[in-house]
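Number of protein chains: 2
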Amino acid sequence: MEGDPPLRLRVFDLNCWAIRYLSKRRQERVRLIGDTLRREGFDLVLLQEVWSEQDYSDLMSRLAGCYPFSHYFRSGVIGSGLCVFSRFPILDTLLYQYSLNGYPYMLQHGDWFCGKSVGLPGSRAGVGRGVTAPLLSLSLQLHAEYCREKDAYLPHRLVQAWELAQFIRHTSKAADVVLLGGDLNMHPEDVGIRLLRGWTGLRDAFAEATHFEGCKNGCTLVPDNCFTDKSELLPFPLGIRIDYILYKATSSFTVKCEELKTTTGTAPGMDVPFSDHEAVMATLHIQRQGQAVGATPGTAGLALADVVTEARTEVAVGLQAAQHQRYSSGRMAVLALLLLLLQAAAALGTLAGLGAGQPFPKLSFCLLAFLALGVLVLATGLHLFHTMEVKNLHGTKEQMWMALRALQERP
Amino acid sequence: MEGDPPLRLRVFDLNCWAIRYLSKRRQERVRLIGDTLRREGFDLVLLQEVWSEQDYSDLMSRLAGCYPFSHYFRSGVIGSGLCVFSRFPILDTLLYQYSLNGYPYMLQHGDWFCGKSVGLPGSRAGVGRGVTAPLLSLSLQLHAEYCREKDAYLPHRLVQAWELAQFIRHTSKAADVVLLGGDLNMHPEDVGIRLLRGWTGLRDAFAEATHFEGCKNGCTLVPDNCFTDKSELLPFPLGIRIDYILYKATSSFTVKCEELKTTTGTAPGMDVPFSDHEAVMATLHIQRQGQAVGATPGTAGLALADVVTEARTEVAVGLQAAQHQRYSSGRMAVLALLLLLLQAAAALGTLAGLGAGQPFPKLSFCLLAFLALGVLVLATGLHLFHTMEVKNLHGTKEQMWMALRALQERP
Chain A
1 MEGDPPLRLR
11 VFDLNCWAIR
21 YLSKRRQERV
31 RLIGDTLRRE
41 GFDLVLLQEV
51 WSEQDYSDLM
61 SRLAGCYPFS
71 HYFRSGVIGS
81 GLCVFSRFPI
91 LDTLLYQYSL
101 NGYPYMLQHG
111 DWFCGKSVGL
121 PGSRAGVGRG
131 VTAPLLSLSL
141 QLHAEYCREK
151 DAYLPHRLVQ
161 AWELAQFIRH
171 TSKAADVVLL
181 GGDLNMHPED
191 VGIRLLRGWT
201 GLRDAFAEAT
211 HFEGCKNGCT
221 LVPDNCFTDK
231 SELLPFPLGI
241 RIDYILYKAT
251 SSFTVKCEEL
261 KTTTGTAPGM
271 DVPFSDHEAV
281 MATLHIQRQG
291 QAVGATPGTA
301 GLALADVVTE
311 ARTEVAVGLQ
321 AAQHQRYSSG
331 RMAVLALLLL
341 LLQAAAALGT
351 LAGLGAGQPF
361 PKLSFCLLAF
371 LALGVLVLAT
381 GLHLFHTMEV
391 KNLHGTKEQM
401 WMALRALQER
411 P
Chain B
1 MEGDPPLRLR
11 VFDLNCWAIR
21 YLSKRRQERV
31 RLIGDTLRRE
41 GFDLVLLQEV
51 WSEQDYSDLM
61 SRLAGCYPFS
71 HYFRSGVIGS
81 GLCVFSRFPI
91 LDTLLYQYSL
101 NGYPYMLQHG
111 DWFCGKSVGL
121 PGSRAGVGRG
131 VTAPLLSLSL
141 QLHAEYCREK
151 DAYLPHRLVQ
161 AWELAQFIRH
171 TSKAADVVLL
181 GGDLNMHPED
191 VGIRLLRGWT
201 GLRDAFAEAT
211 HFEGCKNGCT
221 LVPDNCFTDK
231 SELLPFPLGI
241 RIDYILYKAT
251 SSFTVKCEEL
261 KTTTGTAPGM
271 DVPFSDHEAV
281 MATLHIQRQG
291 QAVGATPGTA
301 GLALADVVTE
311 ARTEVAVGLQ
321 AAQHQRYSSG
331 RMAVLALLLL
341 LLQAAAALGT
351 LAGLGAGQPF
361 PKLSFCLLAF
371 LALGVLVLAT
381 GLHLFHTMEV
391 KNLHGTKEQM
401 WMALRALQER
411 P
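Protein sequences, first through last, are from chains A and B. The numbering of the first sequence is the UniProt record's numbering, which starts it at 1 and goes up by one. The numbering of the second sequence is the UniProt record's numbering, which starts it at 1 and goes up by one.
Treat the hints with care, since some could be wrong.
Because identical chains share one entry, a pair is satisfied inside a single copy or across any pair of copies.
To be verified - Calculated pairs, DSS-like style, for lysine-lysine (alpha carbon to alpha carbon, straight line, at most 27 Å):
1) K173 <-> K248
2) K261 <-> K248
3) K150 <-> K256
Everything labelled a hint here was simulated from the structure, so no lab data went into it.
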């Protein structure tokens with residue numbers, strides 16, 4: 001068993017930034033990505049932000065020869081943007097949509113419309129002597145960070161990180177190898193990443209790689225890339241690392257990251273980048289070992305409890321803000337309703353002949369009524385939305401509390 | 001091992017019909033449910049339609065003595081209505097919200113606002129000689145059926161049944177015993193139930209019970225219950241069975257249903273029912289056995305393929321309807337936009353002095369503009385909603401196709 005040759009798994013991960021009509025040189029880049037993937041022959045390709053189904057179809061027809069299996073995950077208004085190409089058969093898929101994903105009225109950010117999710121294709125990879133290992137790979141994207149100093153979306157991103165971690169804990173138990181690739185929109189030291197890694201036991205390919213080649217510190221948003229917004233990267237002259245390949249082996253397998261590479265501002269051998277993000281490419285060694293690996297040591301429990309507490313505090317802050325917004329929008333709806341009732345009373349009064357001598361200002365009356373109606377509809381919608389937000393934040397806070405209790409009770 | 005005494009697990013499941021201000025004699029019934037649960041001392045209690053957190057808190061304080069562990073699942077605008085009380089520690093929870101759940105504009109049905117979901121509390125139950133079995137219990141409710149002859153929600157309910165089945169398949173792998181209790185809003189022979197049972201291998205406690213006591217055919221919506229709508233039950237003089245306890249044992253355990261009971265129109269020994277639904281109570285025998293049980297025999301594969309095909313056809317019908325509605329709402333939005341543009345042109349023309357001799361009909365102009373604006377906003381909202389619906393129905397249809405392929409390739 002232990003002597004079986006290891007499986008060498010080559011994984012490619014990229015946020016493709018392929019937004020129809022908005023992303024620069026999109027079709028050229030998608031073609032370039034397709035050509036590179038075909039030439040390089042990875043085992044597993046996890047792509048994000050492929051928003052157009054046409055782009056996916058183009059990629060699929062281009063890659064059918066070397067990646068016979070693929071899946072496109074559909075969700076939200078625009079889509080999840082997630083797709084997977086694989087050399088191994090995809091046996092099953094599952095899509096989990098995060099309960100919170102920004103605000104529908106933040107049109108300029110648009111995350112809400114994307115239905116951000118985690119897509120899980122389950123497959124089996126051959127591992128020596130005809131034995132196959134259930135492989136669970138996840139492609140995902142979390143809510144973007146638009147302002148690091150005053151990050152209004154942090155609670156939502158933390159809820160997503162928590163839901164993702166819980167989803168992995170519950171779905172990965174029967175898989176021998178779990179592999180996650182995606183744009184987490186978090187820096188390596190951020191609380192969300194620490195929470196995700198701590199709560200699932202996933203390891204960071206960049207930190208574990210024996211050999212690394214690419215942008216310094218493994219950055220995936222770099223100033224050298226002609227598509228990145230230079231002003232956003234001013235506080236980080238080397239760039240930031242927000243795209244990850246994470247992995248873990250359960251039961252009787254071990255995974256080692258032999259090599260990690262990133263592109264460095266342009267596609268290999270070209271003058272145009274694949275995307276505004278750099279691609280991450282990992283070579284993993286998966287080996288069956290004789291004895292099952294024991295559970296994660298309990299020493300990490302205390303540090304993990306600190307991370308969960310930190311995340312829970314941030315979620316509580318978000319909960320307070322959401323409660324405040326729910327209250328404000330509710331109050332606004334009530335005021336608009338009162339105004340409408342007042343107007344209805346005035347109109348009835350006029351109809352009944354009160355103040356018959358004065359002319360009735362029909363136009364301004366109508367304008368005001370429509371304004372009040374508009375405010376009523378909008379404020380009610382907002383109130384319902386923030387009620388859902390409060391419920392979901394509250395639910396996550398409780399789940400985290402339950403996790404803390406379980407951590408404390410752990411021997 | 002095989003000689004270990006079996007665990008006798010007593011499970012209670014009830015759709016409580018506890019809607020604030022709407023459900024009749026709600027507080028009295030919730031008190032009654034609490035008293036009965038305390039007296040009977042079940043091991044696991046799965047409740048649905050507990051919409052008010054106050055009712056949950058009341059139940060919790062009433063039941064703290066005999067059910068030290070409980071959880072309330074929060075989601076949607078109103079909530080999921082799901083809660084669980086347990087004699088065993090609840091170690092972890094996960095909530096999965098179905099991607100489709102009716103229409104927000106069907107206010108009279110209201111399912112959309114409920115955030116219908118499946119709540120998964122993970123616990124460990126003691127099974128002989130200090131050995132514990134991971135127990136996965138699920139409490140859930142699917143979209144209601146309002147008209148059996150012309151069931152507009154069938155595709156949504158099938159998407160929910162499919163997502164539920166996929167969720168169970170992916171989360172249950174490490175559990176020794178999986179237990180599901182809830183209001184599935186489907187008759188036993190309906191395609192959704194056959195899909196759920198076939199695709200997960202769950203067994204129906206009613207069909208398997210050695211001893212049954214309660215309403216004929218295990219019905220849970222019966223004419224004898226004073227709260228049920230008699231006209232709805234006219235085609236079914238005995239009532240219908242839509243509340244279920246389903247279970248399966250994986251790995252090296254067996255589960256047998258020793259006894260199944262339902263209430264019969266009134267709470268035991270009282271003249272008032274617990275709810276408009278009857279409660280379902282099962283006594284299960286869980287036993288560890290020496291050898292691991294083999295996989296489900298492949299002979300069922302063909303029948304299962306037929307069920308998946310049938311469900312996929314219904315989803316395809318729903319997809320067509322959703323595509324039609326997406327198109328209609330999009331066209332309506334475009335028409336409203338054109339009307340607004342036409343009005344803007346007319347207003348500009350008047351401002352520029354054209355037709356200066358004629359009086360400008362300010363009031364009707366304003367009324368028409370607001371009407372067009374209202375239609376534009378509503379139609380755009382509908383268009384976005386139906387776009388999401390199309391995406392989710394399409395995604396489910398594809399997943400079902402993948403399942404069919406996997407079934408056909410199975411040896």
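Within, between, both or neither: K173, K248 at alpha-carbon 27 Å: Both, since 11 Å and 17 Å are each at most 27 Å.
Alpha-carbon proximity between K261 and K248, which holds within one copy, between copies, both or neither at 27 Å: within (19 Å within a copy, 45 Å between copies)
Same-copy or cross-copy closeness of K150 to K256 [CA-CA at most 27 Å]: Neither. Shortest intra-copy (38 Å) and inter-copy (56 Å) distances fail the 27 Å Cα cut-off.
The structure is inconsistent with hint 3 alone, although it conforms to all the rest.
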